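In case you want the letters, here they are:
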Amino acid sequence: MTDLSTLYDAILSGDHKTARSLAQTALDENTDPKSIVDKYMIPAMDEAGRRFEANVFYVPELLIAARAMKAAMELIRPKLLENHVEPAGRVVVGTVQGDLHDIGKNLVASMLEGGGFEVIDLGVDVSPEQYVAAATEHGANLIALSALLTTTMPGMRAVVDLVKQSPAAGDLKVMIGGAPITQTYADEIGADGFSDNASGAVNEARRLVGVTAA
Amino acid sequence: MNESSISGEPKATTPRDWSVLHRQVCFGESGGRIIWQPRIGCWYTDKQFAGEPLPEPYEGMSVPEIFRALGCSDRLYNHYNGCFRESEDPRVHRTANDLGDGRTEHVIETPVGKQVAITRKTTNNWHVIHEKREVETEEELKVATWREEHAHWGWVQDCYDRAQSEVGDLGAPTIFMPRMNVQDLYISRMGSENGIYALYDWPQTVEAFFRAREEHHEQLIDLINESPIEIINFGENVHSATLSPEMFMKYHLPTCQRRCERLHAAGKFVCSHWDGDCGPILPLARETGLDGIEAITPRPQGDVTLEEIKAGLGDDMFLLDGIPAVYFDETFSVETLVECTQRIIELFAPKLILGISDEISSTGDIERVRIVSDIVEDYNNGCSGEVPS
Ligand code: B12
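Top to bottom, those sequences are chains P and U. Residue numbering for the first sequence follows my numbering, beginning at 13 and increasing consecutively. Residue numbering for the second sequence follows my numbering, beginning at 879 and increasing consecutively.
Since the hints were made in silico from the structure, they are not lab data. Certain hints may be false.
[What the hints assert, rightly or not] Below, a sample of chain U positions facing chain P; criterion: calculated Cβ distance under 10 Å:
#1 Thr982
#2 Ile996
#3 Thr1000
#4 Thr1001
#5 Ile1074
#6 His1117
#7 Ser1122
#8 Met1127
#9 Gly1157
#10 Asp1207
#11 Ser1211
#12 Val1212
[What the hints assert, rightly or not] Stretches of chain P that chain U covers, calculated by requiring three or more beta carbons in the stretch to come under 8 Å of a beta carbon on chain U:
#13 72–82
#14 107–118
#15 167–176
[Unchecked claim] Pairs of lysine-lysine residues, derived as DSSO-like cross-links and limited to a Cα-Cα distance of at most 27 Å, are as follows:
#16 P:Lys46 x P:Lys29
#17 P:Lys51 x P:Lys91
#18 P:Lys29 x U:Lys1020
#19 P:Lys91 x P:Lys176
#20 P:Lys29 x U:Lys925
#21 U:Lys1188 x P:Lys29
#22 U:Lys925 x U:Lys1020
#23 P:Lys91 x P:Lys46
#24 P:Lys82 x U:Lys1188
#25 U:Lys1010 x U:Lys999
#26 U:Lys1128 x U:Lys1146
#27 U:Lys999 x U:Lys925
Bear in mind that the values here come from a model prediction, so they are computed numbers and not experimental data. Note that CB positions come from ideal geometry on N, CA and C, so glycine has one too.
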């Protein structure tokens, strides 16, 4: 049997080719796909997140770790589906209307995927109606909004208000983030969650959908 | 406009000729005085795009007229940047194809292959979304490298003369130099994510591109050094989250040092635009060789305090800008703006070209610009230092 701590290392160091080939080997050896994800892959991304928060990793290191995670996940996800393993949650992600900043949003999306969530990424310049329609269509339990401009922040309140009026109100949570966003602002507009960084976003998403970390 | 030989001196003093004070501040000849240069371009263009009238009395005024009305100087990049024109090799052909729905395909053909980019217009402002960047594959980066190797720079005297006659009173001639290595890869060519992957996946091809770009810029520096333009800004848009300290030291710092050395040899004032987070790289500021750094954004908008900025820049480097843009919004009180402005002056004058980090946004109150104009005016009136004639 392959020592899968090497998969953990490959993800943490961003070696996507090795991560993918180790995932394939583990599957060929009939290792339980859920345990590969829970014991090695998610812990690797959690560690990457911790290093990012501690300023040991910066965006480049975090991005390549997330890419390695995705490369391995592409092979494992179909097996999880075959075994009827549900994702931790379904999250609709996007940057709010009028705002084209997407580096942070993409990082949050990758980290959420790394944390076991299914992500529906709507891109940038997303209207409140588009978020809610996508959440309904995909049966999402969370919407994650990103805004980097003080001029586009008010668009977040519009999404929160629209969700409250939608049939999914109560079950569908809204989490917000982006450089100018604070917990105070999240409270003020009635958003359910906030984090100032991508790894915190995963913990916050877990809290909001009621799952515990692996 | 034709490329031409370089001639001309900066304009002489008139009653409110900011160009003289601007130059004196940069070169330490202002007798302690500072200068106030807010950036209002974003405020103006966003309002224009939205078809919103400007508040009175500015409606109908051009940007230079607004600066004159506000009693402050302008950093005149937009007017002088065109003095240096980049020409591609004649074998490069560009075509643009309208794909409908505001989408455009841009095809750049060269003897060594082609690049394709797709952009989409947005409804909220003049920015476009890049659906496909002009570099996404290693082959496209090789084409971009060839283009750098075969392009050249020329001087456009007409542009200089026009800027002098239209806005020569608003500030000393100033330009942005194009971005160097990593920042160019991220912002102009590939987008940050693909740029980061390229640095990891094809480092040799990326480094060949960086070398070609630096050599191409050396030709530009030769031309700048012969020109009457004395204030040179590296328009880098540095952001330490994506330009990590490791990458900063490996790629950005050495090129920055080499550029500064050559520009300083010709007596230029050199600064760079760091408008993102900069906490992790601020301790390296004094190694860059720069005279100053522009757009460093203090808390609550950026990631550093004014005191940390001072510690990073030390006593020899200039701060350009410094007031967080959000202080021009009504969400913050005028007292906060005034206190911050006074603290910046206290910490950095006379090595200070005061401005907004980064620009007043379309929701900002333009009258607050005038409040800062008055503070600076009072400060300068209290300076006793002699100004050499
Ligand atoms: C890169 C950048 C750009 C790039 C964007 C490229 C891209 N594809 O995204 C370009 C050059 C295109 C750009 C354009 C503009 N920009 Co800009 N930009 C930046 C910059 C330097 C970095 C942003 C970034 O990518 N950070 C890296 C990522 C990883 O960090 P992040 O986005 O904050 O995300 C982290 C957290 O916030 C959090 N997070 C993010 N989203 C979410 C979501 C959720 C749900 C959660 C929980 C967490 C979370 O996790 C992320 C990872 O830890 C910032 C400066 C800054 N300090 O933020 C200015 C900045 C945001 N830009 C600014 C401005 C003014 C503009 C322009 C208007 C400039 C102009 N004159 O045209 C345009 C606007 C275009 C538009 N309509 O959106 C200002 C905004 C000021 C204000 N008043 O709001 C800033 C602050 C610069 C400044 N110093 O003033 N910009």
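Results for each hint:
Interface restraint check for U:Thr982: the shortest CB-CB distance to chain P comes to about 16 Å, outside 10 Å, so the restraint is violated. A cut of 10 Å between beta carbons decides the hint on U:Ile996: the least distance to chain P is about 14 Å, and the hint is violated. Annotation: interface hint on U:Thr1000 holds; nearest CB of chain P at approximately 6 Å, less than 10 Å. Look at U:Thr1001: its Cβ gets to within about 8 Å of chain P, closer than 10 Å, so that hint holds up.
Against a cut-off of 10 Å between C-beta atoms, the interface hint on U:Ile1074 holds, since the closest Cβ of chain P lies about 5 Å away. Contact between U:His1117 and chain P, as hinted, is supported at the beta carbon level, the nearest pair being about 9 Å apart and thus within 10 Å. Hint status for U:Ser1122 relative to chain P: holds, with the closest Cβ pair at about 3 Å, below 10 Å. Of the supplied interface hints, the one on U:Met1127 is violated, with its beta-carbon coming no nearer than about 12 Å to a beta-carbon of chain P, more than 10 Å.
Checking U:Gly1157 against chain P: minimum C-beta separation of about 8 Å stays under 10 Å; hint holds. Proximity of U:Asp1207 to chain P holds as hinted, the smallest CB-CB distance being about 6 Å (cut-off 10 Å). With a least beta-carbon distance of about 16 Å to chain P, the hint placing U:Ser1211 at the interface is violated under the 10 Å criterion. Hint status for U:Val1212: violated, given a least beta-carbon distance of 17 Å to chain P, over 10 Å.
Chain U is given as covering the stretch 72–82 of chain P, and this holds because 5 residues of the stretch bring a CB closer than 8 Å to a CB of that chain, at least three being needed. Three residues within the 8 Å Cβ limit are the bar, and the stretch 107–118 of chain P against chain U gives 5, so the coverage statement holds. Coverage of the stretch 167–176 of chain P by chain U is violated [criterion: at least 3 residues with CB-CB distance below 8 Å; count 0]. At roughly 21 Å between alpha-carbon atoms, P:Lys46 and P:Lys29 fall within 27 Å of each other, so this suggested pair holds.
For the given pair, P:Lys51 sits about 16 Å from P:Lys91 by alpha-carbon distance, which is consistent with the 27 Å threshold. Between P:Lys29 and U:Lys1020 the CA atoms are separated by roughly 23 Å; this keeps the pair inside 27 Å, and the hint holds. Our distance criterion of 27 Å between C-alpha atoms is broken by P:Lys91 and P:Lys176, whose separation comes to about 36 Å. Taking the CA atoms of P:Lys29 and U:Lys925, the gap is about 48 Å. The hint is violated against a cut of 27 Å.
This hinted pair does not check out: U:Lys1188 and P:Lys29 have alpha carbons roughly 44 Å apart, beyond 27 Å. For the suggested pair U:Lys925 and U:Lys1020, the alpha carbons sit about 40 Å apart, so the restraint of at most 27 Å is broken. Restraint check: the Cα-Cα separation between P:Lys91 and P:Lys46 comes to about 9 Å, which is no more than 27 Å; the hinted pair holds. The suggested pairing of P:Lys82 with U:Lys1188 is violated, with an alpha-carbon distance near 42 Å, which exceeds 27 Å.
Restraint check for U:Lys1010 and U:Lys999: satisfied, since their Cα atoms lie roughly 13 Å apart, inside the 27 Å limit. Of the pairs offered as hints, the one joining U:Lys1128 and U:Lys1146 holds, with about 25 Å between alpha carbons and a cut-off of 27 Å not exceeded. A distance of roughly 17 Å separates the Cα atoms of U:Lys999 and U:Lys925; the hinted pair therefore holds under the 27 Å criterion.
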